[in-house]
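2 protein chains.
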Amino acid sequence: MRPETSARAFGSADVQVAAGRLKGNAHRTPVLRSSALDAATGASIFFKAECLQRTGSFKFRGAFNAIAALTEDERARGVCAFSSGNHAQAVALAARLLGTTATVLMPEDAPAGKRSATEGYGGRVIGFDRYTQDRMALADDLAERDGLTLVAAFDNFDVMAGQGTAALELVQEVGTLDTLVVPVSGGGLIAGSGVAARSLLPRVELIGAEPQEGNDTALSLNLGERVRVTVPRTIADALQAETPGRLTFPLNQALVDAVLTVSDDDIVAAMRLLFERLKIVVEPSGAAAFAALVMNAARFAGKRVGVILSGGNVSTDQLALLFGPRQEDS
Amino acid sequence: MRPETSARAFGSADVQVAAGRLKGNAHRTPVLRSSALDAATGASIFFKAECLQRTGSFKFRGAFNAIAALTEDERARGVCAFSSGNHAQAVALAARLLGTTATVLMPEDAPAGKRSATEGYGGRVIGFDRYTQDRMALADDLAERDGLTLVAAFDNFDVMAGQGTAALELVQEVGTLDTLVVPVSGGGLIAGSGVAARSLLPRVELIGAEPQEGNDTALSLNLGERVRVTVPRTIADALQAETPGRLTFPLNQALVDAVLTVSDDDIVAAMRLLFERLKIVVEPSGAAAFAALVMNAARFAGKRVGVILSGGNVSTDQLALLFGPRQEDS
Numbered sequence: 001m002r003p004e005t006s007a008r009a010f011g012s013a014d015v016q017v018a019a020g021r022l023k024g025n026a027h028r029t030p031v032l033r034s035s036a037l038d039a040a041t042g043a044s045i046f047f048k049a050e051c052l053q054r055t056g057s058f059k060f061r062g063a064f065n066a067i068a069a070l071t072e073d074e075r076a077r078g079v080c081a082f083s084s085g086n087h088a089q090a091v092a093l094a095a096r097l098l099g100t101t102a103t104v105l106m107p108e109d110a111p112a113g114k115r116s117a118t119e120g121y122g123g124r125v126i127g128f129d130r131y132t133q134d135r136m137a138l139a140d141d142l143a144e145r146d147g148l149t150l151v152a153a154f155d156n157f158d159v160m161a162g163q164g165t166a167a168l169e170l171v172q173e174v175g176t177l178d179t180l181v182v183p184v185s186g187g188g189l190i191a192g193s194g195v196a197a198r199s200l201l202p203r204v205e206l207i208g209a210e211p212q213e214g215n216d217t218a219l220s221l222n223l224g225e226r227v228r229v230t231v232p233r234t235i236a237d238a239l240q241a242e243t244p245g246r247l248t249f250p251l252n253q254a255l256v257d258a259v260l261t262v263s264d265d266d267i268v269a270a271m272r273l274l275f276e277r278l279k280i281v282v283e284p285s286g287a288a289a290f291a292a293l294v295m296n297a298a299r300f301a302g303k304r305v306g307v308i309l310s311g312g313n314v315s316t317d318q319l320a321l322l323f324g325p326r327q328e329d330s
Numbered sequence: 001m002r003p004e005t006s007a008r009a010f011g012s013a014d015v016q017v018a019a020g021r022l023k024g025n026a027h028r029t030p031v032l033r034s035s036a037l038d039a040a041t042g043a044s045i046f047f048k049a050e051c052l053q054r055t056g057s058f059k060f061r062g063a064f065n066a067i068a069a070l071t072e073d074e075r076a077r078g079v080c081a082f083s084s085g086n087h088a089q090a091v092a093l094a095a096r097l098l099g100t101t102a103t104v105l106m107p108e109d110a111p112a113g114k115r116s117a118t119e120g121y122g123g124r125v126i127g128f129d130r131y132t133q134d135r136m137a138l139a140d141d142l143a144e145r146d147g148l149t150l151v152a153a154f155d156n157f158d159v160m161a162g163q164g165t166a167a168l169e170l171v172q173e174v175g176t177l178d179t180l181v182v183p184v185s186g187g188g189l190i191a192g193s194g195v196a197a198r199s200l201l202p203r204v205e206l207i208g209a210e211p212q213e214g215n216d217t218a219l220s221l222n223l224g225e226r227v228r229v230t231v232p233r234t235i236a237d238a239l240q241a242e243t244p245g246r247l248t249f250p251l252n253q254a255l256v257d258a259v260l261t262v263s264d265d266d267i268v269a270a271m272r273l274l275f276e277r278l279k280i281v282v283e284p285s286g287a288a289a290f291a292a293l294v295m296n297a298a299r300f301a302g303k304r305v306g307v308i309l310s311g312g313n314v315s316t317d318q319l320a321l322l323f324g325p326r327q328e329d330s
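So the protein lines, in turn, are chains A and B.
Numbering-wise (the numbering used here), the first sequence opens with residue 1 and increments by one.
Numbering-wise (the numbering used here), the second sequence opens with residue 1 and increments by one.
Treat the hints as calculated values from the structure; they're not laboratory data.
Worth double-checking, as some hints may not be accurate.
[What the hints assert, rightly or not] If the Cβ cut is set under 7 Å, some of the chain B residues that face chain A in the computed set are: (1) C51; (2) R272; (3) F275; (4) I280; (5) V281; (6) G312; (7) T316; (8) L319; (9) A320; (10) F323.
Glycine residues also receive a C-beta, built at the ideal position from the N, C-alpha and C atoms.
Kindly generate the complete structure, drawing on both the sequences and the hints.
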């Protein structure tokens, strides 16, 4: 990753600036409620439906804010990114809307729908092998060769500020919350959301949700330093970070109260509940925060809980597999 | 069906009264947009997402309004209804919220999820055979024996007024529309929506959408009188009316510009698009209006089109069947 040459403070003012840039460009996504899910869990849940965001995930917020923050000269040369899918789509659409071009490195095993959607938004996609190639080195080479500006998926203050607008809108709409539960991959969404939420609700509890197989942030917070796990094999394809971000981690050390981990089965069960009761399409990664709530319901009982449903980019083919008759493991 | 003893005018004032009763009780559902679906169809589409309504369909609006309009004495005795599912759930929840009880006749082949949801809202469910038994006679017997007030699914002005609030909210939120497309079963949603929309947009075109196998309203409007079809066999289980309503039909004769019919395959294709691009769960009946737009895209090109997505009560099991690998017809 390209080193940041100057450290600077990151705070709620950055999120406010992002909110101004996103106004009229990003959707103000609805906050959904379900009395049945409240009754089933014992909590009062306020779902921020970022699956209904442009490009199908919260990632559009950060990508748009970061590209809008570039100089005209940088935008004239174009941007690049690496992503398993949601950040890719977000960068491609944001680049097009802001009059520039996007080149995106995507792992060869990224969901086909995410790749074709990225191309549909006008992005140029280059594949790589997630399990053997160093995506950061590839992206740096690309940025250097073509003069492109790398829009990092999470380790970028403008990206974090954009992501924080999701929580800002949620708190503005529902008022007080006891707890906010946010899925964690590189940690940009929870860092931005934590800063935004705490600026309005200083005592709100901030809980992360990670896949059991990709618990790099939980491990790192426990150890007090960034640890790296092997590339997680999980259906939560957007939560396959191997290590917390260099910029996000110290923020999350200060902000995050706990990280809960969930299995793939927990995630599918949560997706079923969201489909059948909330009537929205949530991808596996997008259901992780709600899965953490369901699997730890006693912890949240009686509380007003905000849950960020971070994305909905799952194909009907994948849905049919996840929800169809159980196959024997081979 | 119980005869109405006094004819009365039905108009936008009734919808306004319903809007007042529903405030704080029904969800003000979001209006969703998709630039990809706009590009694919050539229309500017404003989706009113009634799948996100309480009980998973617009039916809650009419049921709540009708039960709220009863006298205290009527509410003390309880209500009854017959429904293949969405009206059943709506009546059950509205009855509970308004402090009364609901007895619901449901066809034995109604989706299991709709039956269990009705029971979950506290409704007492009695099954009947949709293909051999006369549900209206059964409901009348029940109403008479137990002193219950029948809340008809569509042939009731308070129900129609409640349904009309969906279109009222849509027009209030998006301003002008050239066309409004609404699914049609008994005709209550389109009658109420037509009255509400025309009160604000006198020239808006009003298009109905029906299953090919259940085109009773299309046939009836063409012939100028109510005709009866055999019980339609379609995946659109909420659009299986055999004949237009006695009260809804004359309204719809005056209001509706055209009815378009769609096949089950058209509906599944529309559901796929809504899932993958709009990220919401729409049941087959709920996708009928969008299917009609997609299958007749040239007709809507360049227009601002409101589409009511009427419900989302489909189980993940059914989804897996609809979206899974194609089975050979047996």
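Evaluation of the provided hints:
| no. | hint | verdict |
| --- | --- | --- |
| 1 | C51 | holds, 4 Å |
| 2 | R272 | holds, 5 Å |
| 3 | F275 | holds, 5 Å |
| 4 | I280 | holds, 5 Å |
| 5 | V281 | holds, 4 Å |
| 6 | G312 | holds, 3 Å |
| 7 | T316 | holds, 4 Å |
| 8 | L319 | holds, 6 Å |
| 9 | A320 | holds, 4 Å |
| 10 | F323 | holds, 4 Å |
Checked against the numbered hints listed earlier, the structure breaks none of them; every hint is satisfied.
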